[in-house]
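Going down the list, the sequences are from chains W and Z.
The first sequence begins at 14 in the numbering used here and counts up by one.
The second sequence begins at 45 in the numbering used here and counts up by one.
Hints are not guaranteed to be accurate.
[Stated by the list, open to error] Taking lysine to any residue and the SDA-like style, the derived pairs with C-alpha atoms no more than 20 Å apart in a straight line are: (1) Z:Lys401 with W:Asp274; (2) Z:Lys87 with W:Asp294; (3) Z:Lys87 with W:Glu272; (4) Z:Lys87 with W:Pro359; (5) W:Lys167 with Z:Gly153; (6) Z:Lys367 with Z:Gln92; (7) W:Lys276 with Z:Arg52; (8) W:Lys191 with W:Glu311; (9) Z:Lys59 with Z:Glu114; (10) W:Lys191 with W:Asp294; (11) Z:Lys401 with W:Arg353; (12) Z:Lys87 with W:Ile278; (13) W:Lys161 with W:His32; (14) Z:Lys401 with W:Tyr57; (15) Z:Lys401 with W:His352.
Keep in mind that the hints were calculated from the coordinates and are not lab data.
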Amino acid sequence: MTGHSLSEGFSCPLPISHHEAIMLGHGSGGAMTAELIQRVFLKYFHSDGLQQKNDAANLAIPDNIHRIAMTTDSHIVTPLFFPGGDIGRLAVCGTVNDLLTAGATPKWLSAAFILEEGLPIAVLEQILESMKKSAEEAQVEIVTGDTKVVERGKGDGIFINTTGIGYIAENFQPGGEKAAPGDAVILSGTIGDHGMAVLCARGELGIRADISSDAAPLNEIVRNLQPFARSVHVLRDPTRGGLSTTLNEIANQSQVGIELDEKSIPISKEVNAVCEMLGFDPYTIANEGKMIIIVPDEIKQDVLLAIRRSKYGENAAIIGRVFPNHSPIVLLQTNLGTHRILDPLPGELLPRIC
Amino acid sequence: MNFIEDFRNSDRAKKLLHSIHSMTHKKWVIMEMCGGQTHSMMKFGLDQLLTDQIEIVHGPGCPVCVTALELIDKAILIAKNKNVIFTSYGDMLRVPGSNSDLFSVRAAGGDIRVVYSALDALQIARENPSREVVFFGIGFETTAPANGISILQAKRLGIQNYSVLVSQVRVPPAMELILSSPDNRVQGFLAAGHVCSVMGIEEYVPISNRYHVPICVTGFEPVDLLAGIFETISMLETNTWGVKNAYSRSVSEKGNIEAQKMLDILFEPCDRNWRGIGMIPMSGWRLRSEFQEFDAEERFHVAEIQSKESEQCIAGLILQGLKKPADCKAFQRECTPQHPLGATMVSSEGACSAYYKYRR
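In isolation and in its complexed conformation, chain Z is listed as follows:
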């Protein structure tokens, strides 16, 4: 199987589109949960191919976008420390904090390095025993195992100059927040394929049943996305609900059990602030007390700080599917990828960035 071309095949895509359109009789609003899906939608122009009856809205599934402002500010404070090597996924460097961003700290002399995985950060710590190495551990259930394993390794190897600024978030509480909002418009969900690769699909069943909402686990290529839309619409049109899996080449019902066990050893659920949305109960993970020595917030005493968001940015409404990027007055005017006002314009997975990049 060719994982790129087979799932971008235009004949397969056209067949699925035909099936979707011939069964769609009413107007439906579907939210894709993952920023990667938002990006694919725009990159391949799938919204141009769908009938007007199907509206796709973009959910809070971009890890860069939802990372709380105060955590960006804490990252900046830590990174300014002369003895610190601050490591991060690249996208985080451009995200605006209250007054600055990590790129500016780097330009002013901060030692900030882009890494592709937390294990690279751990390696940097081993090579620089006299420096403090901090990794910015952001993301959903997708990045949590890879971020977490660096902490287990550090503990096992007795590496004391390594810590993680933890900003892990979880998808299901955010879905519940959206569904329980009085303004909610979302009638069906494309669940995030990579999140489900780790967590499986069982935790979505109670949500589907409680809110009578169809959920389909969906991948990221055009054929995957159209298959997810097909399954969701077929439930909506027949007034049924449940959790279906249109990404079975990556997602099993139980998910990655080894990864889940490791997450349970390392983390416990906690309330967490989502940028633009606010506090969502039990939507985050923090390190359990036995791993607190690796918590950068503790190590650098940055627990209490004041943060201030740009007043123009409507990212919060976009992330809940209530507005689209073009509805924002600052979009492509004051707010561009070069001068982002909010995180949704920064990340390659952010909705505003995807609209700016592919459609204006």
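For reference, chain W alone in the conformation it holds in the complex:
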């Protein structure tokens, strides 16, 4: 990664405190950048890594850790704030949940910001506050970062990239290629909440609905899976492209078929109603606080109970099974007992005409 550390030194005594919005100078790498970091970013983030004020964080790893997981994700969303979350919470939870899918214990995050000229500092602070709270909840530290500023019109207010590192335990290494015929598919809660909350918040469709994003760090769910560590075959968070896209990825990686039972898939009445109205398939709508857990059939009830005891796992359900198939496929058994294919989202999500 190029760029400078959030803690880059103070080089020129220019006052910026009277600026209420991001200016190009805040990305210069000079005094304005330094003051922005000191007065705004360090107000919210104060990990040891940042306090070292070096270009890279120096981090200690315990002797018993031999493997780490590393992942990165860039976050863009309009609007920046929506019911149930904001871009800051997404930036933390998205990367934390990706680490969790590797069975890892999330430890550290980097945070790189691309700010658009004119972004109110108050808005930036609101996002940083949300990142701070989400990071505390997810028990991760933000240890290094970067800021750049682009001219007005060349960004969407703020883009955030986060990279995460977590510890991997020897006995807990799930993977998308490990789904086996006979396994049960468990989902940690309702689908479609995040995508529909953001869509409604955009206000373009003139729909007002009581739907909140599910953006959340799922540490507790994965922690409560520890007793079953060796038996957890797959952990995967169904984010963009929704449940059907993610299950198709797993079916492809493991070369199996996956059959879901429509009536067992948790979905809120509000999400279902808005999807019906717009002609969207809720199985292709994004989630930001859900986990798919694939385990052998014989332990599915115990695993389900463990997930339901966890924060954000209260509505978990067994939604399907893995079966042997000569080509990867995801099938849905409908309430009428018929079958249909669940395909990945083909491209942009478009509302129907009539």
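Following the hints, complete the assembly by docking chain Z onto the known chain W.
Relative to chain W, chain Z alone:
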């Protein structure tokens, strides 16, 4: 009443299926007229539940699919214009024209925006007085009132930077075309519920009588569709015909009279090309002369252009119920939702797209 669960209730569906099967003694071919019905058939797998004696074929009722190729090409030409904000229902962006599609124009810098209604497009025109805002007004009788009201409003408010590329089509002439074809196999129709919500059911009576064909106005949920099939089969098996209404919670005999009055003020019938089928006499609506200032074809001088269809696509035969998507050599090979050769693979209401999505 719960408009989703009550009409997806599996007990109600099973009872209707039992009634349909116990009265069906001969083989019948029934066409559903609306793309929404095609989509529901496949989504809920109703064809898997029906006896082999009942064949459901899919009619030309997907507005995206039947929009003439030359209109897509005209839309692309207009949208390339730097001073234009081109607005459209989302599905139209993926439909292939002769050489390009609207998505590609957008990627190349065209200002193309997806709207959910024509009134949103009009709002964009009010907010951008220095730009020309064009709405792609496609669809059947269902979308015509909502598309049309934007033109009446624009006239009332004196908004001069708004125009509509009109591609409105009407169902009854297409039904007559299918019935009068020497190759016709269709013996009964499920008429399109939402079209009839606007237009009522009276215009179908002469068609039923002239061709001795049963027609049942039908909705879109599994129980609605099975009720429509039940009514149609019951007429076929007793050698009777007429127009029945199995979607009375939305459709009245006279339809939406206010909407019809408005359509009459705005539009007059005209011949129109249907993609894959060809010209159907008096099957379209165009703006009356007093509203011509809002006609995007006039404003942008795109009346005469040359268009060329993919040679592999058999959408025309599918739309007339003569072939099914799986009969096409290009289906899921050269032609997929990511790389559609014809419009029937694009729209969520298109028959090829429904088969690709739910059944392969």
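Status of the hints after comparison with the structure:
1. Z:Lys401 with W:Asp274: holds (18 Å)
2. Z:Lys87 with W:Asp294: Holds, at roughly 10 Å.
3. Z:Lys87 with W:Glu272: Judged against 20 Å, a Cα distance of about 15 Å means the pair holds.
4. Z:Lys87 with W:Pro359: holds (16 Å)
5. W:Lys167 with Z:Gly153: holds (14 Å)
6. Z:Lys367 with Z:Gln92: holds (19 Å)
7. W:Lys276 with Z:Arg52: holds (12 Å)
8. W:Lys191 with W:Glu311: At roughly 16 Å apart (the allowed maximum being 20 Å), Glu311 (chain W) and Lys191 (chain W) satisfy the hint.
9. Z:Lys59 with Z:Glu114: violated (47 Å)
10. W:Lys191 with W:Asp294: violated (27 Å)
11. Z:Lys401 with W:Arg353: holds (8 Å)
12. Z:Lys87 with W:Ile278: Holds, because 16 Å separates the two Cα atoms, which is no more than 20 Å.
13. W:Lys161 with W:His32: The given pair, whose Cα atoms are some 17 Å apart, holds under the 20 Å limit.
14. Z:Lys401 with W:Tyr57: At roughly 47 Å apart (the allowed maximum being 20 Å), Tyr57 (chain W) and Lys401 (chain Z) break the hint.
15. Z:Lys401 with W:His352: OK: Lys401 (chain Z) and His352 (chain W) at ~12 Å, within 20 Å.
Of the numbered hints given earlier, the model fails hints 9, 10 and 14; all others are met.
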